[in-house]
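Novice: Given next are the chains, with one letter for each unit.
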Amino acid sequence: MAGPVTDPRGPGATTPTRRGTEAALLAFAVLITVVAQAIVDLTVTGSLRPEMATFSAWITVLWVVAHLVVRRWASYADPLLLPAVALLVGLGLTVIHRLDLASERAGEVAREDAPVQLVWATLGVTLFVAVLVVVRDHRTLSRFAYTLALLGIALLALPAVLPASISEVNGAKIWIRVAGFSIQPGEFAKICLVVFFAAYLVDKRDVLALASKKVAGLELPRGRDLGPVLLAWILSILVLVFERDLGSSLLLFGIFVVMLYVATERASWLFIGLALFAGGAMIAYQIFAHVQARVDTWLDPSAYYDGAGYQLMQSLFGLGTGGLFGAGLGGGRPDQVPVAKSDFIAAAVGEELGLFGLVAVIVVYLILVERGLRTSLVVRDAFGKLLAAGLAFAIAWQVFVVLGGVTGLLPLTGLTTPFLAYGGSSLVANFVLVALLVRISDAARRPATPHAPSMRLGDAPTEVVTP
Amino acid sequence: MNAPLRRVAISVLVLFTLLIVNVNIIQVVRSESLRGDNRNTRVLAETYDRERGSIIVDGNEVAMSVPTDGRLTYLRTYPQGPLYAPITGYHSLVYGNTYLEDVMDDVLSGEDDRLFVRRIADLFTGRDPAGGDVVLTLDPDVQAAAMAGLDGLTGAVVALDPATGAILGMASTPTYDPGLVAGHDPEAIRQNMEQITGSDPDPRVNRAIADNYPPGSLFKVITAAAALQEGYTPETVVPAVDLLTLPQTTQTLSNFNGSSCSSSQEQRLIDSLTISCNTAFAQLGIDLGEESIREMAEAFGLDDEGQEIPLDVAPSTIGEIESAAALGQTSIGQRDVRMTVLQAALVAATVANDGRQMRPYLIDEQRAPDLSVLESTDPEVLREPISAEIADQLTEMMVSVVARGSGRAARLPGMEVAGKTGTAQVREGVPDHNWFMGFAPADDPEIAVAVFVANGGSTGGDLSAPIARDVMAAYFEGQG
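Heads up: the sequence lines are chains U and V, in that order.
Position 115 (the first sequence) corresponds to 115 in our numbering; numbering is contiguous.
Just add 467 to wherever you are in the second sequence, counting from 1, and you've got our numbering.
The set of hints was computed from the structure by calculation and includes no laboratory data.
All values reported here derive from a predicted model rather than from experimental measurement.
Quick reminder that beta carbons are idealized off the backbone N, C-alpha and C, glycines included.
Heads up, a few of these hints could be off.
[What the hints assert, rightly or not] Short derived list, chain U residues pointing at chain V, Cβ under 7 Å:
| id | residue |
| --- | --- |
| 1 | 123 |
| 2 | 261 |
| 3 | 400 |
| 4 | 410 |
[Stated by the list, open to error] Covered, in the sense of this in silico footprint (three residues per stretch, anywhere, with C-beta under 8 Å from a C-beta of chain V), are these stretches of chain U:
| id | region |
| --- | --- |
| 5 | 321 to 332 |
| 6 | 369 to 382 |
| 7 | 385 to 391 |
Please take these sequences and the hints and turn them into a complete structure.
Specialist: Here you go:
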């Protein structure tokens, strides 16, 4: 933020809405999507498929609608959030389409997944719109905090109590499969719980920040205030035990601890969280064979090549073969990695778009996350701050854990890559998440009370912000 | 709340930097090794779009690519899979390349530098790129007889043309069908491979070259060569006691089954070799001294590493010799002496070829896709460990082995066969290895053979000599 004139909050200056920037960036994202799809078709089949026109029109309409809704109902929203999402979703659709073509060439009679994903994206944008239209002020959400908490826990627990025939896929009991559709309710539970965490922590942060004694420079909380973090920890352990879902367990606990830290400004919570995590991880490693297997595979995937390590090794082979520039869209063999469309989509990106492509994707995620955190920094109300921080960190944490897993940095957890990977619930839920971020960012950038004359008359050098 | 928020933002930046650094390590630093990992089938899959060259024996393809309608354009097939598996190896989508498919990959895939101009031309003319052919020296009759002889046993056979070094047969059992892992269905390939590797010993190993074994009495030919070099003749009388106490030990060395070599406790060198007298050769080695034995062994090619035919050949070795006692055991092919089956065949072929050891080779010709010859192998003298005169004397002694001694089972009608048996102790409680090496006809050798049966539990004369006879008979029958 350079001079006073460009300062969006500067006195006397009208805050630019930056909707033009958003529109231009969205157009760029659409262009990349369409060109990438055309390259895939030309490389793999040698000609453009007739559906290309429909697809291009559809995806354009999708983002135009999203943009217009933001323009109308969240006109001061951060201009980078939506284009970043559009780019990731477009790239995801392209890679999924590319993998569809690969299985077609292999003669496998598989359902095409890209059109399904497009339908999910449409549903996602619909929910995005609904959230922006219905939730005019994010603060109203705090009123439903406990309802959302119940809903979140119910969603989280649902697959655990359902029979395995409906809820279990590849050992993880995290699904609801009805009439050909698979839903992972945990993705929605994540958002409900983040909203609840935000509301609850705003309420209780003064108490939770109270210190009892100081040990090695750390102000430790009082013993009785350990309740909430222990509850979150137990919830995570339950998820691990009953749903064998290492990823969600890690995700939820990480989000809660970080939000607790942000709310209380007490680093001691981070250390307590870390200690609990370490304890939980040790117990999980000792007790659960599947956790042990994951860790062993992570330490030396090559040794388990004929079994659990095959997928990761194929991912690494794909990434290594891709090298700096990649094999080009349609030029590699990303279908050699099992479940490349969902869990391992990043491997496909790295193989065909190379190091540059994969790093670009990581940077787009980084932009998304940092814009979310920036929103959190700027927004005035404590609930909004915590909610934005929680949502942004949720994306960051999930991306780190997933990409870390796919690239062998961390053990595999089975989380999906937000926006990029095939999977309806993940995509739709993340659209809701971004809608909330857009909503909060609108509140953050909107001139405090644009119609109040006192602000204009004040001509004050700085604005008074009450945290 | 802004201070911790800033810290969270920085932490996220650090986490993402970790991701980016890690991706850099994989895609840049480790790129080469991941790309080249033989389990990485991506590069291999690319080669399935191109017609891979054939491996040819006597005008027939033993490995060839045939077009299919599937996702991968060409399917690698091995029309006589198990018969040639020890030499061809496999070209597998899942498991990469082995043996000739691996060593000759450049020519077969068309990536060879000598095919560069043609590849460029293909680009412009739109001609489908193809790989070159590899023509082998093998004689199909010899190969079939060798495999048939080893049927049901674990072992290997190598047959050579002593005059050129061309490999006429190279069998190894148990064998397998490389076609089972050369398909296009990774799941089926994996299952088949599990079945192949599930049996013990591993059928994928070519036992003629990939491993070395104690040669036992075969080594006496080298000890005899050293003696002849030092002025002995086949008629020289050497001590041949019933029980030899090894120098500076209380350890004794006896003959096979504790039998006696000679009632007079001495005999002619030729008779010692004929009946494979252990005590005589142990004493002879000790009398000649380590230097003499070691020099002769090395002259025959032992302890020469990095042999290629062009398949990699495990080195043969005479081993450490720490004492006179060890020298005695070494002189009869025990202790730390190890030989590959190919090396045994080479020793026989060297004697057969007047003391000149020809470089062994498996590839007669490499051809471009248009059948023009890229390279053909010219016979080449590799070593000359003994004079023609000594070779003649050794031949005379080895003829005696087959005519009157331990190798009688290798006799062929209408011609003299020279040979030497070997029965090598492995260790207490494990059946002996059974060897035979020889050549025929003794006066004008056309084929040299070595037969090895791992843990046959019999004697070289009883188990291995008949196999050698059948292999040689098949050769002469084929020659008409």
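Novice: Evaluate each hint against the coordinates.
Specialist: Quick rundown of the hints versus the structure:
Against a cut-off of 7 Å between C-beta atoms, the interface hint on residue 123 (chain U) is violated, since the closest Cβ of chain V lies about 29 Å away. Using the Cβ-Cβ criterion of 7 Å, the hint placing residue 261 (chain U) at the interface with chain V is satisfied: the shortest such distance is roughly 6 Å. A distance limit of 7 Å between C-beta atoms decides the matter here; for residue 400 (chain U) the minimum to chain V is near 5 Å, and the interface restraint holds. The criterion of a C-beta within 7 Å of any C-beta in chain V is not met by residue 410 (chain U), whose closest approach is roughly 10 Å, and the hint is violated.
A count of 5 residues in the region 321 to 332 of chain U with a Cβ less than 8 Å from any Cβ of chain V is obtained; the coverage claim is therefore met, three being the minimum. Counting residues of the region 369 to 382 of chain U whose CB falls under 8 Å from any CB of chain V gives 7; the rule of at least 3 is met. Interface restraint, the region 385 to 391 of chain U with chain V: holds (3 residues with C-beta to C-beta distance below 8 Å; minimum three).
Going down the numbered hints, you'll see the structure goes against 1, 4, while the others check out.
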